[in-house]
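Turn these sequences into a full structure, and let the hints steer you where they fit.
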Amino acid sequence: MQLVRIAGPTVAMRALGEVEGLDLERSSASRLDDDTWQVAGYATDEALAELEQRGLSSELIAAPDELAAERDELFSQITRDEDGS
Amino acid sequence: MAYPSTAREIEARLGELDAAHEACTRTALPNRTHEGRTVSYLRIAAAGSDSGPRVLFAGGAHAREWAPPDALLTLVERLLIAYEAGDDLVIAAFTDAAASPDIPYPAATIAAAGVRRIVEGLQLFVLPCINPDGRAFSQSSPVNAMWRKNRRPPAPGSPCRGVDTNRNFDVAWDLERYYDDGGEQAVAATTDPCDPQTYIGPSAASEPEVRNVQALLAEQRIAYFVDVHSFSRKLLYPWGMDDNQSRDPAQNWRNPAWDDRRDGAPGGAYGEFIARPAIDRHERVGRAMRDAILSAAGSDRRARVRSEYAVEPGLALYPTTGTASDYAFSLDENGSITSFTLECGSDADGEGGFQPVPSIYPKIEREVHLSLLAMLAEAART
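So the sequences go chain by chain: F and B.
First residue of the first sequence: 1, per the numbering used here; consecutive thereafter.
First residue of the second sequence: 86, per the numbering used here; consecutive thereafter.
For the record, the hints were derived by calculation from the structure and aren't laboratory data.
If you anchor each label on the Cβ, the simulated ranges turn out as follows:
#1 B:A104 / F:R31: 46 to 54 Å
#2 F:E66 / B:V390: 18 to 26 Å
#3 B:A104 / F:E66: 39 to 47 Å
#4 B:P281 / F:E66: 17 to 25 Å
#5 F:A15 / B:A104: 50 to 58 Å
#6 B:D103 / F:G55: 49 to 57 Å
Just so you know, these numbers come straight off a predicted model, no measurement behind them.
In this text, a Cβ means the ideal position worked out from N, Cα and C, and glycines have one as well.
Dropping the structure here:
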């Protein structure tokens, strides 16, 4: 899973919900020009390949190892109770 | 309390704040969560006061968005400490040392008189963690960290758990009735219980977490509402289910004549009605919130770029149904309620998206504090 920013034409971007392995942060959608939008999301390698097939561009924001390192740092801060809450 | 707090730490902290501050009262909401957790809120108001506009700040609806509940708790804490001491509320300076070179963010101050106007002139309600079950699960293991929904048990015969609490509110909930095919394809909500993100639930307000918020909004007659989420540096105001228009009041989410015909598209044939004064008020309050963040960024160009929040209607490209902020706004058909979704932080600039690392968290926290304090100042003027 990597954090990416995806860009492309309106119709293709509105259909991104169909892409397996893509977890969009839809509130991040912003218009780049009349018919081009971009949105951030977390994507598997398979989802990235699907985006490419659909003619959409994707820019890497954080690679899987970066995300994992950040997550490790956060989990080291969490003091868990016995039940994990 | 160290960031990120756990669900149990949040609930405990609410009790501590109640015990420590006369102007603060903790109340448990009526509905326990699916896993039996209590959900509580704080009421902040000068002792004996029961007047003034009512404001509700909520957070933690989406389990994986870890920063908002912490930021809401520290806002309450700092507001109460400043009020009781008769001091200014100082937002501490912050240096982003992960940037190269460092980026300085100067201290910002809310004058003691402004703090007093807020606490003595308003009834402030703060519900820091709507969905503690989801938060506990998200924080239980790195493999669960991206969990978004609550922990509703699976229906018989289904392996799939959880409802998106920010798609379950009783406003345009029934998306299959609401939209045409294009709108249904684009909507950021689904009737599929196995969708890991945006399952709307079996019925409107089926979730105890959602009934808690709906009850609080209605019973306390909330006039100003902010639902704090992450991420995208935006202040979103209604509507989220379609683009706004102020020409035709008949185009509205309650009107069955438009069922199955709404497009959920920017610039489409259908637009959700919102009266012009309501748009103007949201733009004005939103700009005050945005400007509070930006003006505290100081003179460093990079700090200013990273402190730019956009004020927009909820619909950009993807319509949303059943959200808290649309529901709050819908409670008065005359459009008098001011309601925002604050999407704090960013995927960019090392801010970590849903889960900012502790070194950058103070930047997110100060943005939440500055914007919400600006809204409180606006509310206190009415």
